[in-house]
Structure formats: C-alpha cells, structure tokens
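Chemist: Residue strings, one per chain:
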Amino acid sequence: MTLKLGVPSKGRLMEDTFAWFGARGVTLQRTGSDREYAGAVSGVEGVELILMSAGEIPRELASGRIDLGVTGTDLVREKIALWDEKIETLSELGFGHADLILAVPRFWADVSGLDDLDAVAAAFRAEHGFRLRIATKYHRLVRDHLREAGVADYQLVDSQGATEGTVKNETAEAIADITSSGATLEANHLKVLGGPPILRSQATLFASKTSGADAGLMAMLTAKLGL
Amino acid sequence: MSGTPAIRAEAERLFALFQSAGAVSVEAAILQPSEVLLDLYGEEIRARAYVTSDPELGEQMLRPDFTVPIVQAHMQDGAEPARYTYMGEVFRKQEAGSERASEFLQVGYEVFDRANPATADAEVFALFAQAVGDAPLRASIGDIGVLIAAVQGLETSARRRAALMRHIWRPARFRALLDRFAGRAEMPEGRAELIGALDGLDLAQIVQGAGPEIGLRRAGEVTARLAALREDMDAAPIPAGQISAVNAILNLTDSADKAAGQLAEIANQFPAIKPAAQGFAKRLNALKERGVDVAALTYEGSYGRTSMEYYDGFVFGFAREGAAPVASGGRYDALTRVLGQGRAIPAVGGVIRPELLVEGAS
Chain A
26 MTLKLGVPSK
36 GRLMEDTFAW
46 FGARGVTLQR
56 TGSDREYAGA
66 VSGVEGVELI
76 LMSAGEIPRE
86 LASGRIDLGV
96 TGTDLVREKI
106 ALWDEKIETL
116 SELGFGHADL
126 ILAVPRFWAD
136 VSGLDDLDAV
146 AAAFRAEHGF
156 RLRIATKYHR
166 LVRDHLREAG
176 VADYQLVDSQ
186 GATEGTVKNE
196 TAEAIADITS
206 SGATLEANHL
216 KVLGGPPILR
226 SQATLFASKT
236 SGADAGLMAM
246 LTAKLGL
Chain B
116 MSGTPAIRAE
126 AERLFALFQS
136 AGAVSVEAAI
146 LQPSEVLLDL
156 YGEEIRARAY
166 VTSDPELGEQ
176 MLRPDFTVPI
186 VQAHMQDGAE
196 PARYTYMGEV
206 FRKQEAGSER
216 ASEFLQVGYE
226 VFDRANPATA
236 DAEVFALFAQ
246 AVGDAPLRAS
256 IGDIGVLIAA
266 VQGLETSARR
276 RAALMRHIWR
286 PARFRALLDR
296 FAGRAEMPEG
306 RAELIGALDG
316 LDLAQIVQGA
326 GPEIGLRRAG
336 EVTARLAALR
346 EDMDAAPIPA
356 GQISAVNAIL
366 NLTDSADKAA
376 GQLAEIANQF
386 PAIKPAAQGF
396 AKRLNALKER
406 GVDVAALTYE
416 GSYGRTSMEY
426 YDGFVFGFAR
436 EGAAPVASGG
446 RYDALTRVLG
456 QGRAIPAVGG
466 VIRPELLVEG
476 AS
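Chains as they are written, first to last, in our numbering: chain A, 26 to 252; chain B, 116 to 477.
Hints in this document: simulated from the structure, not taken from any laboratory.
Take these hints with a grain of salt, some might be off.
[Said to hold, decoys possible] Pairs of lysine to aspartate or glutamate residues, derived as EDC-like cross-links and limited to a Cα-Cα distance of at most 16 angstroms, are as follows:
| # | chain 1 | residue 1 | chain 2 | residue 2 |
| --- | --- | --- | --- | --- |
| 1 | A | K216 | B | E127 |
| 2 | B | K373 | B | D408 |
| 3 | A | K162 | A | E113 |
| 4 | A | K104 | A | E85 |
| 5 | B | K208 | A | D183 |
| 6 | A | K193 | B | E328 |
| 7 | B | K208 | B | D192 |
| 8 | A | K234 | A | E113 |
| 9 | A | K29 | A | D239 |
| 10 | A | K249 | A | E85 |
| 11 | B | K208 | B | E158 |
| 12 | A | K104 | B | E210 |
| 13 | A | K216 | A | D183 |
| 14 | A | K29 | A | E85 |
| 15 | A | K162 | B | E328 |
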C-alpha cells in the first residue's frame, strides 16, 4: 500500500510544489524525459507521485482515486459539490495566490459594485433584448455569489480561456475569472468590481476523505511535512 | 419512470379527477429548449434544471415544470376558455446532500379564462382541496397582487418603483432596496463619491476619459445611467406611512377571513391597494360559495415570494408543517403575456405531487 500524491504536471505550480516539499525534506522529481509524466519520491516511505492536470485533481480526490493532491482552492470549490465532506485541507502552500473576481469594461464609469451590476443588467436587458452575459469557467461559484447578492437579469457564458478578450469580441459584457496581478485585465481595458472577491484562492495540499488511505503512512508523511 | 405502483395509481386518480372537472388532458415534451426557460427564469434555472445539449437543437433542459410548455401551446392555438390537465415526471437538481427527489410525478390543472378571475381562483383552489382530501395538511393562501399594487402605488420615481417590482420575488434584495429608498439605509459604497465627482462635469467626457468603449453596452448607456444616478441622489425618500403599509402587507399572517379585514384597513391608509384588497375579498366570497371554510385557511402576506417568479396574484399551497408543499399553485397572468408575444389571457393553475400525498398516508 502506498499513498498516491497528485501534483500538477507542469509549469510554475509544479515547480513551486516540488520546492515546498523539498524544503520539508521530501524530494519530488520527474523521471524519464521532459515529456514523460512519471515521477519519483525520496525522503519519505510509501508515497507515490502522480503527475496530472491540476483541473483533474479535485475530482480524483473526491472519488478517492488519489489520497493527496495539490491544487487551487478555486478548482476544488467549483468542481466538487459538498467538497468539505469529501476533501480535507491539510495545508495552504503560500503560493499560486489568485482571486476570483468580476470585471467590467473600464469605461463603465457608472459601475463600482454588485449593486450597479444588477441595475446595469436590468437596463441592458431592456435595451438589447437579452440578459447581460458574464463569461467564466467558474459557473457554480459565480452563480452562488450573484444569487447571494441578489443580482438578476444576467446569464453565464462558458469561457475556458482568453476570457478577458470576450468583452472586446462582444461575446460577453462582463467576465468572472481568476486574476493574480490584474495586468491582463488592464491590458484588455477591464476593471475589477469593488468589494471582496468571489473567492481568494491559493495552492493547497488536500487529502481525500474517501480514499481509505493507510493511516500509518499518512501520519509519517504529515509528521515529516510538519503538519 | 418514477414512482411505485401506489404513487402511479394516486397520480391516475388525480388525473381522472381533474379530467372529470372538465379539463382536457395534454402532453409536453420532456426535452425543452433552454432558451425560453432561461429567458424566463434566468441563470438560476441552470442550477435547478438538468441541462443537456444536442448538436442540432442546442441546449436543452429536462422539463423542470409543465407550466411553460402548456402556456406556450395554449398561446399558440388554444381555444378560449380552456382547462387543461397533465400528468408526468418533472426533473429538478436538488442541493447537494438534500434528500429531496430529483425526479417526481406531477399532476396539474390549469385554467385560462377571461370571464371572472375570482371564481377561477376559487375553482382551482377548491379542486385542489378536494384532491388532497382529508390529508393532514395546512392550507395557506397569499396574494402577490396586493404587494404589486402597493409597490406600484408608492410615491417615488418610476425608476425606483421598477427596481422594487423587479425584485419582488427576491425578498432580501427587495428589503435592502426598500430600506434604501426609504432613506433608512446607506447608498451602496462609493455611490456618493461617484456622484460627487460628477459635479458640474460633462458626463460623456467622463465616460470617454474612463477607458476605450468596448463591448455591446455603449457609452450612451453609461452616460444615461450616470444621469439617472445623479437624479436619484436627489429623490425624496418614500413616505414613512407607505413603508409601514408595505411592511404590514408583507408581515400579515392571520386566518384568511380576518386578513381580508386587515387588508381593507391597510387600504384605508394606503388607497393604492384598494382595488387589490377588494379583489381579495371578492375571491374570498367565491371560495365561500365553493364551500371552502375560509376561517381555516392561513393567509400569509409573503406566500409565494421565494418560489418561481411568475405568480402575480392569488397563490396557494398545501403542506405538512415545515415540509415542501404537496400541492401549490397560483395566478400567472403576466406569464401568458411574456409567452404570448403580445397576447395575454388571465390564467391560474396548480400542481400536486402524488408521491408526497401517498407518503403522508402511509
């Protein structure tokens, strides 16, 4: 029996994860060629490294096919209903910070918060004959947030990438997306809506509550990681 | 196919009862085009209905209710007056962890009749009372029409009345707006600064200076709203007496016969609701004529405000204490206008869930 640890398979997120574990005496590394998704673990017993898409890690944790995984809070909350019954937060890792925010064109001088967005949505629908479109891939989180605030007369349109460009391309009037620096928003003539973000996200080490992981191995690993 | 043989048999019994009351049986497709439902209910329906897609037909939903397809069919080629009944499954996503069924049978009865709304309301209510029989259920009624009349009678700008009307079915938001328009709550954060910064400046220039004009919402729409906001800053608060009348309407809970008297009293202070209060009294008489014991009915001023947002008059429900209604319904005149593309007809109806009736009996 081993503990299966899912880690994003590429980019900054993978490198920062490797560094975080490395600083605690657990060495994660890719093996084989650059292109091969295989990994090795040293410094602790019984842990198997599985490199996978960050977007799939929440689902695998929830179903218990992996015991541990590193991914963003945003993805866990968006993808898994009742996530905290299936997944436990072990530690926030202190990198991969990003906020899920709503943004509108900068020239909308009349809009600073959700209250304005709601009023604009009503006027937009009356003027254009359809509901104001908000482009996002975070449907659940955005819908819950807007329901809570009592925003009506909008619709979500799916956007899996280049979301900031949708307003200029006239496929949406506003967007909801993850932003870390705001530079992309700025470059696309958008501004963040005032008030707290929909969600503050960061890279987090999660454990599955459904995988039936070996308690001894888990205790050894968490002790080693100082959790 | 949902339901045990007992539930099916109960559904058949109700279906036959509604037919014997003079309704024509009708069918509706299980797959409904998303567009109409989305337009009507908004994004929330995506959280509540099962959505699927077809490469040819586009986004489809598993029928979340019968009302919309039945009204559509009637508005296209229905005779007048008309009474319809239907029986079949509806599909609703439930909150994660909820014990509620996501697929269940509904049997419904809908009346499209211009002649006399009060008697049509009474006819539907009495029929549903007969359908649930002596099951130990609490019968509640309400009247969204009274609240609508109150909002439309408020002494304030047309814009403020429209904002309140739009949120009648979202109680928390409605309350926040009402408090603000009464001058009892702050304007949204940043509003005063925004308006202050506009002082004496050309609005079009402000918009132009804020950033390049992108997207379908045009600069003219932004300046128009800025002008509206500036105007709204100077609007007088809604008179305190009218706010307390609205609160009295919302908080009124009493037996239906006493509620009629109380509504008449509120109408003396706030004459705008007089016709609606009289309509309520007329309906109560129609119910009595049908043999309904109105003293045993509970009137709730806020009944029907959090469910589907198409009821705009009489509303009713039969439920066990603290449980989902076994049967519910109401008047939805505005819906026929929306789906009738210019044509409209007064309509009232309701649905009953046979499995909840059977559950209660066993």
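Chemist: So, for every hint listed, does it hold in this structure?
Modeler: Now the hints, each set against the structure:
Annotation: proposed proximity of A/K216 to B/E127 is violated, straight-line Cα distance about 57 angstroms (limit 16 angstroms). A C-alpha spacing of about 13 angstroms is found between B/K373 and B/D408, which places the hinted pair at or below 16 angstroms, so the restraint holds. A threshold of 16 angstroms between alpha carbons decides the hint, and for A/K162 with A/E113 the separation of about 24 angstroms lies outside it, so the pair is violated. Only pairs whose Cα atoms come within 16 angstroms are accepted, and A/K104 paired with A/E85 is accepted, the gap being roughly 11 angstroms.
Note on B/K208 and A/D183: the hinted pairing is violated, with a Cα-Cα distance of about 20 angstroms set against a maximum of 16 angstroms. Among the hinted pairs, A/K193 with B/E328 is consistent with the structure: their alpha-carbon atoms are about 9 angstroms apart, no more than 16 angstroms. A distance of roughly 32 angstroms separates the Cα atoms of B/K208 and B/D192; the hinted pair therefore is violated under the 16 angstroms criterion. The straight-line distance between the Cα atoms of A/K234 and A/E113 is roughly 6 angstroms, inside the 16 angstroms bound, and the hint therefore holds.
Restraint check: the Cα-Cα separation between A/K29 and A/D239 comes to about 10 angstroms, which is no more than 16 angstroms; the hinted pair holds. The straight-line distance between the Cα atoms of A/K249 and A/E85 is roughly 24 angstroms, outside the 16 angstroms bound, and the hint therefore fails. With a C-alpha separation of about 14 angstroms, the suggested pair B/K208 and B/E158 falls inside the 16 angstroms cut-off, and the hint holds. Straight-line distance between C-alpha atoms of A/K104 and B/E210 comes to about 14 angstroms, which keeps the hinted pair within the 16 angstroms bound.
For a cut-off of 16 angstroms, the pair hint linking A/K216 to A/D183 is broken: about 20 angstroms separates their Cα positions. Using a Cα cut-off of 16 angstroms, the hinted pair A/K29 and A/E85 holds, with the two alpha carbons roughly 10 angstroms apart. Restraint check: the Cα-Cα separation between A/K162 and B/E328 comes to about 25 angstroms, which exceeds 16 angstroms; the hinted pair is violated.
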